[in-house]
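Peer 1: For reference, the chains in residue letters:
2 protein chains.
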Amino acid sequence: MAKEITSRSENYSQWYNDIVIKAGLADHSAVRGCMVIKPYGYAIWEKIQRQLDDMFKATGHQNAYFPLFIPKSFFSKEASHVEGFAKECAIVTHYRLKNDPNGKGVIVDPDAKLEEELIVRPTSETIIWNTYRGWIQSYRDLPILINQWANVVRWEMRTRLFLRTAEFLWQEGHTAHATKEEALEETIKMVNVYAEFAQNWLGIPVIIGTKSESERFAGAVETYCIEALMQDGKALQAGTSHFLGQNFAKAFDVKFASKEGTLDYVWATSWGVSTRLMGALVMAHSDDNGLVLPPMLAPTQVVIIPIFRTDEELASITSKVNQIVAELKSKGISVQFDNRDNLKPGFKFAEYELKGYPVRIAIGPKDLEKGTVEVARRDNLTKEFVSQDGIANYVEQLLKDIQTNIFQRSLKFRELNTTKVDTYEEFKEKLDNPGGFILAHWDGTAETEEKIKEETKATIRCIPLDGEIEPGKCIITGKPSERRVIFARAY
Amino acid sequence: MAKEITSRSENYSQWYNDIVIKAGLADHSAVRGCMVIKPYGYAIWEKIQRQLDDMFKATGHQNAYFPLFIPKSFFSKEASHVEGFAKECAIVTHYRLKNDPNGKGVIVDPDAKLEEELIVRPTSETIIWNTYRGWIQSYRDLPILINQWANVVRWEMRTRLFLRTAEFLWQEGHTAHATKEEALEETIKMVNVYAEFAQNWLGIPVIIGTKSESERFAGAVETYCIEALMQDGKALQAGTSHFLGQNFAKAFDVKFASKEGTLDYVWATSWGVSTRLMGALVMAHSDDNGLVLPPMLAPTQVVIIPIFRTDEELASITSKVNQIVAELKSKGISVQFDNRDNLKPGFKFAEYELKGYPVRIAIGPKDLEKGTVEVARRDNLTKEFVSQDGIANYVEQLLKDIQTNIFQRSLKFRELNTTKVDTYEEFKEKLDNPGGFILAHWDGTAETEEKIKEETKATIRCIPLDGEIEPGKCIITGKPSERRVIFARAY
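Residue numbers (our numbering), protein chains in the order written: chain A, 1 to 491; chain B, 1 to 491.
By construction, these hints were calculated from the structure, which means they are not laboratory data.
Bear in mind the structure is a predicted one, so any value in this text is a computation, not a measurement.
Treat the hints loosely; a few may be bogus.
The list cannot tell twin chains apart, which means a pair is met if one copy fits it or any two copies do.
[Claimed, not checked] Dumping the calculated DSS-like pairs for lysine-lysine here, alpha-carbon to alpha-carbon at most 30 Å:
1. K87 with K451
2. K189 with K47
3. K473 with K453
4. K400 with K104
5. K255 with K473
6. K22 with K57
7. K331 with K47
8. K420 with K453
9. K113 with K400
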């Protein structure tokens, strides 16, 4: 089974697709650019959702739900916003089908044309700010701290499972504040929530920074992001948090009476992560045998496989396994006993390796005699014999070790693939080998950014928040620069 | 605050709308027929989701996600299905906007017309069965037991918050089976899950039955449903579970190799409940003071309101309240302490009554002296003084009592509003007064059903599963009938 996966060195793209499809995470659908998220993939997404939702609520947010459709006129109210999204949106123009009078099946009823076209939301700032106008009169109505879990549609031309699909699932936070300071604080708070989630749950180290103007969200004053590095040396933007200033409040005329009695525009933020995180998860940790999942997000953390020839052997193994299962469950560890008798252990081993179960326990007649089990970890593919006594404590600690190891391994990879360069020659050289993050001085202009992008396909991933102040000279123009920014080729 | 609610006797419809809007459950949106679900309403929906999801998983189902869009050609493959939904669907025809060359803002780009139109899913049988074709080869791939949480769109002409909206949120289960018996068993299992949820969580008694042919889901062989009675004597369909036979398997050519080596069409079910349940919840229990929520679904079960004049009084009350809050939380009871000092207790009382908090605790300086608190229940508006000692145990039991009482009260109401009739005269009389469920004999024909509907607006809600076999004569035609069916005017 695992042998059917293309290796990373052979074709990284194909390797990624093989894992997504063969591990049962997602499938292409009959609708252009839309995917089907299969049960195993969705189970991981549910864990991501649950944890993020808990973190949003712990930071004072509530969930709500706004319409799927946005009237075209709303969509156009914030100038840079519509410019950013107009070229890739699904548009509803009619509301009825009818039988073709010429007998050619079902057709769109021309009499059922909408007066105003509706855009399937690519993001919800416009419909939400139009709603907030009715909710906000005074400073007492602020802040509004709302999040929405929803599907959105962006008519992307080139799509890839999870990483870039026409429809995707996400959450979008939309908050309203009385002051600029408070909105900025919220923006930064949420990008930090994302970073914490990425590192502690996804096991992916990220760099927090701000986007250059050309990479900013359409309608934002400042975009904060978390950037991760994939195994092929390409960067992946894993989450963004936008300080929207008063742009949407002005576009939708949302004012509030301040404590001081003035009438001011409201300050806004929005922030989101999507099913793209699933793509990051696959690309960051998996290997040529299949998926590698951090235990915190694995739908099932432990699989137990019996090694037996006769029904009697299976019966005595089962009795011991039931005991182990109960011990593991009492510690909150999720576990599955695969006692299918029509498949060989080797087949099962490959299957669970492909699906990325963090821990595999095998147990046969000899183990029963010796009071041991064989424990294999998915992250580094090592195995050892462990006493059945205290197995639950052992596995509990092992899951923590695996979670830590996955993160540390990714961190080390990133460190090995982050290079400081001081000339454009060196920049191009390092970009090809080893790839990864390139730290370089930039003069702060869109022209220089564009030139580098055209010539090398590398973009500014972010201006890191914790980057040191280090005066230098732009690698292209030689103009002065205050600090290095991070370049990379990106997904 | 509560005084602004129209009374039920004055105008039941307006009363319903007042509660939905003033309790902060939902709002109309700028998009025709689409609603905004506000945080308080969404918090209830989240509790509904969480419980149903647990019940689905406990019965072996997994979640997955399928595309929002359905190609028009798929939609048309099952004849009665397309007939049922074609007249009310949102149709995507284009994928790009552009600037109007005449300077009139943003317009749909005529060059970006889709080759095949996409329907925004009104339900997902077609896209899912088209997908299942690729997943099912042999009996080993069966059963498939999948559920999806999603938004759907039906272009309803007359909409009402929660009860009937153009976009709504729901879950739709779609299962595939090797035999008819197994699919039928699944259909019935899930309608029973819905009934259990309605009774034990929503606190709404329901009648389980099958639909007459004309009320069946478009594409189903048999539709099972749960029917509830609202306080105005109208019925509300609260959930449906469909036995789809082989209709969709045939339309999408989904066959499997059986154990016996034959190639057979797969058997299907689908089942769903939606945000309509929120409407049922409001209509079933609330009163002229506002929302009444069953404790099992209340976002916050207990509110504590301090009665004080001075900061010192508030301080000593707060210290006692902190202790009570900790005790309640340790029992898993959700509680909120409203210590806002700019609002009077009476205002707060009205607000929490409007929002349906099941239990309100008031505590003032005299209570501190006497070691008591005042406990008010929302369901029957009674109050009593209770000792602070053991308050958590008291409240825990009280919440159970309220949950039971709400259900029993609804059950009693239904019993009082269910009438057996044997003539059409009596039928019409009882339908107007008292209204509710009318049990009558029906000859089983669509003509009779249609005649009754036209003349009285009453429809057959269901043929109850546990209805006794009781031979009789159709109230219209006098033809023989095996059992009574349930008529009502309905939402």
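Peer 1: State the violated hints by number, sorted upward, taking the hints as numbered earlier in the document.
Peer 2: 4, 5, 9
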